[in-house]
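Q: Read off the chains here:
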Amino acid sequence: MSTGTTGNKALNGVGNYIDDRFHVAEGLKRNLKKVFPDHWSFMLGEIALYSFIILLLTGVFLTLFFNPSMQDVVYHGAYSKLNGMKMSQAYESTLKISFDVRGGLLIRQIHHWAAVIMFASMLVHMLRVFFTGAFRKPREINWVIGVVMLTLVMVEGLFGYSLPDDLLSGMGLRIFEGVLLSIPVVGTYLQMFLFGGEFPGHDIIPRLYSLHILLIPGILLALVGAHFMILWHQKHTQWPGKGRTDQNVIGGPMYPAFMAKTGAYFFFTFGVIGLLSTFAQINPIWLYGPFTPTSISAGSQPDFYMGFLEGVLRIFPAWEFTIAGHYTVTLSVLIPALLILGAIFTVLGVYPFVEAWITGDKQEHHVLDRPRNNATRTAFGAFGITVYGLFWLCGSNDILAEKLDISLYSTTWFFRVAIFVLPVLMFIAVRRICLGLQRRDREMLAHGYESGIIKRLPSGEFIEVHKPVSEEIRAHVEGKKVIPALPGGESDANGVPAPGSKGPLGKLRRRLNRAYVENDISLSGIESHGDGHGGHEELESHGERERELTRD
Amino acid sequence: MTDDNEKNTGGAEPNGTGNGSGNGHGGRRPRRVIGTPAPAESHRLLSQEREHEEEPDIERAGIHPRPEKSARRAEKIVALFFTLAFLAGIAFIVAYWVLGVHSPEKTRISNIGLGATLTIALLAIACGAVVWVRRIMPEYEVVQERHPLNSTPEEKKAFAKYFYSNADDSGFTKRPLLRRTMMLAMAPLGLLPIVLLRDTGPMPKNKLRHTVWKTGTRLVIDGTNAPIKASEFDSPGGIITVIPEGYEDNLDELAKATVLLIKMRPEELELPADKQNWTVDGIIAYSKICTHVGCPAALYEQQTHHILCPCHQSTFDARKAAKVIFGPAGHPLPMLPITTDAEGYLVAQSDFHEPVGPSFWERGSVKS
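Residue numbers (my numbering), protein chains in the order written: chain A, 1 to 552; chain B, 1 to 368.
It should be emphasised that the hints constitute simulated quantities derived from the structure, not laboratory data. This list has only true hints and no planted wrong ones.
Some chain B residues near chain A, calculated using beta-carbon distances under 10 Å:
{"hint": "1", "residue": "96"}
{"hint": "2", "residue": "100"}
{"hint": "3", "residue": "108"}
{"hint": "4", "residue": "118"}
{"hint": "5", "residue": "124"}
{"hint": "6", "residue": "249"}
{"hint": "7", "residue": "258"}
{"hint": "8", "residue": "294"}
{"hint": "9", "residue": "331"}
Yeah, the Cβ is synthetic: ideal placement off N, Cα and C, and Gly gets one too.
Please construct the entire structure, taking both the sequences and the accompanying hints into account.
A: If you want it as structure tokens, here you go:
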């Protein structure tokens, strides 16, 4: 059907009806024409968005059958192995969802898998934004919203998997109780108020339930809306490339191309989560049994997004002291569970502002950095990944010890040392690699790329022919911006100190800035020497390359 | 093209593409006449013809149509995927009615049936849409200008002037008494939500310092609830979980009062002087609740007499009053003094002499 310019009669009728009331034609057209740059890495956040939608849909279904009560019942149902056992109604109704509601198990597993995928995709999306510098002005606030959402999703996940009141999740709540108790002065009060008395009590599951299905999703929904509206208003960032500047955006329009793509992406996300939920069992609570504070299974593991917290708790030394004989400070819980966790999220939240302070960069950025082109930032990101990764691995140190057949205590000691050593090594190595890649880019711009064609010179020497890079690649590579350095020196020629360099803070800033921009190079305006066909020329340029590299 | 461009060109071209509403401000009343028959254009099915006709149109810059031949083939593929999705969706509904549940095995089959059909339906729609986008929809490389996000200094100045002069008019800035009492009025309201949380739980008082163990409370085996005689628990290296008689179903109390009972050869014990009579013939009782964050310290190594908490691997030496020998726990597992009653059953001498479980602020230094 070709609709031409006048379109479909019925649709026009609806359109007119709406426009007569809201005056939307012009604005809607502008928004439908909004251009979205095209790159696979720009779709990572959408996996999180779609997982969230799937969570909302499946969550509503689960509430129809779940009973968030800690009242004791004796089980008689489809899972005969637990017949006659005492359990809470929360656990019983979860068993019912799993074995007595058609599609219940599938929806439960979709809900759980979607939660895991949501957090994972948020992490990866955050790393993409970090390593490409997409958090820079004007997008710092959206970054902070993202960090808040990440925290909330973690808490939401913890509360969610605590609801079935099985042995595994109950132990998670027990640890949560222990963490609350470690808080100085108010810890015992917080614990009593949250649990409605002593652990486990009868209140915690209904309370977590209302937080899990109402308060936190509500806040998340609002933040997702804000995140998306800011993105819409500011337009998406783009990779450097031919014709791409900070003043434009090149890509496909929202309607129809992006709409169809992102729609397909929703179905892909849902489809993959469906596939996992069909064939990869997750959280089989009937195997864990109902919660009792007297028992535990060895090798208990939380969901992966809580793993790093579990890891910090495991490797922290047993520091505990008493003030004046009356008040106990449990550093071995307080520091890992609250301070380190808080520090990680704080560093994430303030990073854009700290980086802008160090570089003094107040420009708007809409063209992304290639990760190699901001060596210090990328190295710091690698540092962070290493810290997180080590903590996370350590959360499974008992499994590692068993599978690798090494002593449990050795794994703990390995992580205790590694957490100080490996991130630093990673920082240094990644920084070097980035700078090396920058130099290789410069060389490629100057002398072309290695074509793989070997030529023999009259003198008998073999050389590889270099070919000039294509216009597109040249534009992409030349998109590197030089990281701004603060004005150097204590003071200028007249003895006036450079602005912002006074005082200890100013000195620190300048020192950080120097370290940050050290060895950074410019890739713009590099002439291509020779076309790579003349052998002699080639040799000369090789010689020149040596000089260029040593000049740094 | 810019959003602004949009307006200009839209108005200038009488034969704008795609719609008739982009006519700038003056033409808000739709020029299209609703209900009139579509012009002959709609009968022209060959899109190439249309593209040719609209070549000079600035709106279509950066839009590269796909070759019609390949698009026609792609349409068939898309249709195939969408049909597959339809069939899978129907199959899901059929599976829902045909495959029952109410037993683990049936549930497993139902899960696979429903999950597989749902997955196929979703992925088929996704695949169809991708083929549609990549082979039928044009390839887009549209350039759109960004506009500066910040306002011009004049706009900012105008806003500030408006804002401050109206603040002055309202009296908020000029009348401190009004301003301060208003903020005063708000302050308690802000506190109310916190105050209202008070009744969510009792005060801690000394609840965490005591358990239900009393002089003469019998130790019963967790699970069977049977009391246990010292003479029956006689194989060294043995370990069982015991709970106080009468509280077998009270999870709140068990969360504190659960005890590990370990049998050793008496000569293996190295207890401090004040605890030596807390055992019965090499039978020793420790709180099972880990002093780190409260997991049951349930693993026991017979040769070394080490108690290990599986959560964070705090390790306690059962021979030496559960001294911490590894891991994050800050102090030993409290020891329950036990003895036997007249019938030979194991009973508590008293409650624990210190709080069990994780440390808390008010715990203080307790001799252990």
